[in-house]
Each structure stands twice: as C-alpha cells, then as structure tokens.
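A.B. asks: Starting from the given sequences, assemble the full structure and let the hints guide the process.
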Amino acid sequence: MNHHTFLRLIDPVKDKMFRLALRLLISKEAAEDATQEVILKLWNRKDKVKDYANLEAFMISVTKNHCLDQLKARHNSNLRIIHTNYDNNELSTHRLAELSDEMAQIERIVGMLPEQQKIIFQLRDIEEYDYGEIAEITKLKEPAIRVTLSRARKKIKEELLKTHRYGIK
Amino acid sequence: MELNDLRTLVQKFEEGKTSLQEERDMKKYFNSNEVPEEFIAYKSLFNFNVASRNIEYSKEIQLNSKPKRKWAYAGVAASILIVMSFLFFNDLTNKKLDEQNLGTIEDPEQAYLKTKETLQMVADVFSEGREDLEYLNEFNKTKNKFIKEQ
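For the record, the sequence lines run as chains A and B.
Residues in the first sequence are numbered from 1 upward in steps of one, following our numbering.
Residues in the second sequence are numbered from 170 upward in steps of one, following our numbering.
Ranges of calculated distance between the beta carbons of each label pair, as one might list FRET restraints:
| # | chain 1 | residue 1 | chain 2 | residue 2 | range |
| --- | --- | --- | --- | --- | --- |
| 1 | A | P114 | B | T177 | 27 to 33 Å |
| 2 | A | M103 | B | Q190 | 21 to 27 Å |
| 3 | A | T5 | B | R176 | 47 to 53 Å |
| 4 | A | A73 | B | E203 | 42 to 48 Å |
| 5 | B | I230 | A | K139 | 23 to 29 Å |
| 6 | B | E203 | A | M103 | 16 to 22 Å |
| 7 | A | T163 | B | S188 | 27 to 33 Å |
| 8 | A | R108 | B | A241 | 37 to 43 Å |
Hint data in this document are derived by calculation from the structure and do not stem from the laboratory.
Positions of the beta carbon are idealized from the N, C-alpha and C atoms, including for glycine.
C.D. replies: So, in structure tokens, the structure goes:
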C-alpha cells in the first residue's frame with residue numbers, strides 16, 4: 001500500500017477519529033496529537049490494515065484505545081512534565097468562545113459522563129454508527145451498548161432540564 | 170408530527186430503542202421546527218449533536234516520522250566523531266611530550282646526587298610539617314599528670 005492509497009483510506013475517517021479524541025481528551029492540542037499518532041501507528045502497520053473487514057471500525061477502535069491509554073498515563077504520572085498534564089478538564093476558553101452558550105453547556109455536561117458513556121454517545125448520537133459497528137469498536141454486546149447509551153441520554157437531558165429551570169427561576 | 174407520537178418517540182430514544190433512521194428524522198425535526206416547551210432540552214441536544222459533527226481535523230497528516238530519526242542518528246554519529254577526534258589529538262600531544270627531553274641524567278654519580286638532593290628536600294618538607302605537631306605533646310603532659318604510667 002502506498003502513500004496515496006493510505007491517505008485515501010484515512011481521509012473519510014480522520015475527522016471522526018479527531019472528534020472522538022476530542023471528546024475523550026478534551027484539549028484540542030492533545031486530540032490533534034493523538035489523531036496524528038494513531039494515523040502514524042496505522043501507517044506503520046499498513047500491511048495488516050488491509051486484513052480488516054471493517055477498516056473504519058478498526059481505525060476508530062485504535063483511536064479509542066489510544067485515547068484511553070493517554071488518559072490512564074495522565075492519571076498515573078502526575079509528576080511527568082508534559083503539556084497534557086496542564087490541560088485541566090475544563091474546556092479551554094478559546095474553544096468555549098467558538099461555541100454558543102447552549103452548546104458549551106452540553107459540552108460540559110457530556111464532559112462529566114463516564115468514559116464509556118462518552119464514547120458510545122459520541123459514536124451513536126454524533127457519528128451515527130449502527131449498533132453492530134459500535135459493538136465492533138467497543139467490543140461490547142449490543143444490549144450493554146443500548147443500556148449505556150440510554151444512561152448517557154437520560155443524564156444529559158436531566159442536566160439540561162436542571163439548567164433550563166434555573167434559568168427560569 | 171403529532172405531539173403524542175413525538176412523546177413516544179422521545180421515550181424510545183431515551184431507552185436506546187430508536188433506529189438510526191428514526192434518530193436522523195428526529196435530528197431533522199428538532200433542527201427545523203419550533204417545539205413545545207417540554208421538548209426544549211431535546212432540541213438543544215439534537216442541535217448539539219448535529220453541530221458537533223462539523224468539527225474537522227484541520228492539521229496536515231504526516232506519515233514520515235523517519236527523517237527525524239535519521240537526524241537523531243546523525244547526532245549520535247557526530248558526537249562519537251567529536252569524542253574520537255579529541256582522543257586522537259590528545260594521543261598525539263602525549264607522543265610529542267615523550268619525544269621531548271625530560272632532563273634525564275646519564276651520569277650515575279650525578280644522578281645519585283640529584284636523587285639524594287631531591288629526597289632530602291622531601292624529608293625537610295615532612296619534618297617541617299611535623300614541627301607543627303609538637304603542640305600535641307602538651308596534651309600528653311597534662312594527661313600524664315593524672316594518669317601515671319605503671
């Protein structure tokens with residue numbers, strides 16, 4: 001597989017990879033780094049990449065695992081001085097400014113969800129994957145995915161209703 | 170859409186039982202219509218979901234990390250070269266020293282005298298140092314006052 005074929009394969013997926021990384025890592029810089037690293041990882045394993053039936057699911061799955069590893073590393077090594085340690089888990093003011101109040105609010109609510117819920121919410125409600133694909137990416141069974149998704153949706157709605165009510169009072 | 174239909178659909182959505190097509194229809198519906206107060210949270214949520222999909226990865230994809238590594242090896246090679254050349258030139262200067270006259274004395278008599286003189290000088294320096302230690306005898310004097318030797 002050469003350069004161009006590979007880039008053609010990556011192109012439709014790279015935004016989705018980035019958005020998932022952004023959902024999990026929150027900071028834009030960390031998400032960009034993660035996406036770049038995952039693409040490089042895939043490129044180095046390009047001979048194996050052909051063997052996967054659902055290439056897109058595989059790529060997303062690698063991204064997911066990479067980001068979770070990053071989060072674990074960040075958690076385990078509070079003493080290491082790397083820029084990811086300085087990202088607090090709030091959205092940067094820069095990104096907040098790009099979003100409207102309402103969007104920022106939902107972004108914040110989603111940010112509070114457990115990682116598994118974030119992932120499944122991202123994959124289903126934003127990227128519109130079907131349950132089969134999500135099962136392939138997360139290695140979870142379909143009923144478990146539905147339950148997790150339902151929890152995420154309910155939680156987001158509840159939090160939104162709360163803030164809406166505060167707004168009225 | 171009928172209000173009741175919408176309610177059941179939203180209920181299904183919350184339980185994770187809607188199909189992708191239904192979810193897409195809901196996105197479209199909530200995006201384009203004014204909705205009753207009770208669905209306001211869903212409107213925000215669906216708008217958020219649609220908007221979130223527009224974020225793009227804007228950075229250039231780089232597939233060749235190898236050149237970087239090449240330069241790293243060049244750095245290693247260069248430092249080895251520097252160390253080697255340093256050792257090499259150091260060796261040269263040492264050799265030069267060896268070739269120079271170090272003042273070796275050929276005549277045995279003269280060498281003997283010279284050595285004696287040198288050793289004498291060393292001995293003088295030592296004894297000079299020892300003079301300073303005379304003070305320590307003061308301690309002994311005081312000690313002997315109290316502890317009589319048998």
